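> The opening position of the sequence shown corresponds to residue 3 in the numbering used here, with each subsequent residue numbered one higher.
Heads up, some of the hints might be wrong.
Mimicking DSSO-like on lysine-lysine, the simulated pairs with C-alpha atoms at most 30 angstroms apart in a straight line are [claimed, not checked]:
# : residue 1 : residue 2
1 : K52       : K40
2 : K66       : K82
3 : K57       : K40
4 : K40       : K66
5 : K82       : K96
6 : K66       : K52
7 : K99       : K82
Hints listed in this document are in silico derivations from the structure and should not be mistaken for laboratory results.
This structure is a prediction, so every number in the text was calculated from the model and none was measured.
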Amino acid sequence: NVRDETPIRILFLLVDEIFDLHRESQFTRQGNFAILRKIFQTFFGIRVNKMIIAKACEWTSAPKITQLITYLRDYFWPPKNKSLNSTALTERDKEMKLRTRVLCRTVLLGSVSEEFAQFLGNETTRRGVSCVFNMLQEERFNRRFVHTVLEAFLCQLFQPYHAHWEAIYEKDLCPLKCGRICRLHKSSV
């Protein structure tokens, strides 16, 4: 039963974190959110969980993964024959980048439903969306995010080989369990 509610619990934790609803100054809003979460899970939980799982299965299906890998391949290693390249990549000028930023921020803010924005408060919604937008502008975060998603995907794909996966990680970890093997311990391995 707890496993069945995992997708919706993760969704509510994400909303709570993004819109900063866990702060003490918003005690009443946090209480209202907890009540709404219980009501929502009771009446819509199973259906929403099924929708989340269906979307996750759709996004990780073979055609979608193939499409993503093809896009990444063409982006990083464009074909030598330009006639085969369906997406010609050109460097955008500064004005175009700024217009795209404004458009993306507007679309992201518009993707939050009005009812949800009114429940959270317009200022809280704006700050939460701005936080997500600014977070997505960080190149290091995006790189780390892609690596984490890729690692999770590979772990899921090669789940029968989990023991081998752990053995590979064990060899590369520092004995102090602080990450990759450091210079001090490299000679002892």
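> State for each hint whether it applies.
Against the structure, the hints come out as follows:
no., hint, result
1, K52 <-> K40, "holds (17 angstroms)"
2, K66 <-> K82, "holds (25 angstroms)"
3, K57 <-> K40, "holds (23 angstroms)"
4, K40 <-> K66, "violated (34 angstroms)"
5, K82 <-> K96, "holds (28 angstroms)"
6, K66 <-> K52, "holds (19 angstroms)"
7, K99 <-> K82, "holds (27 angstroms)"
Consistency with the previously given hints fails for number 4 only.
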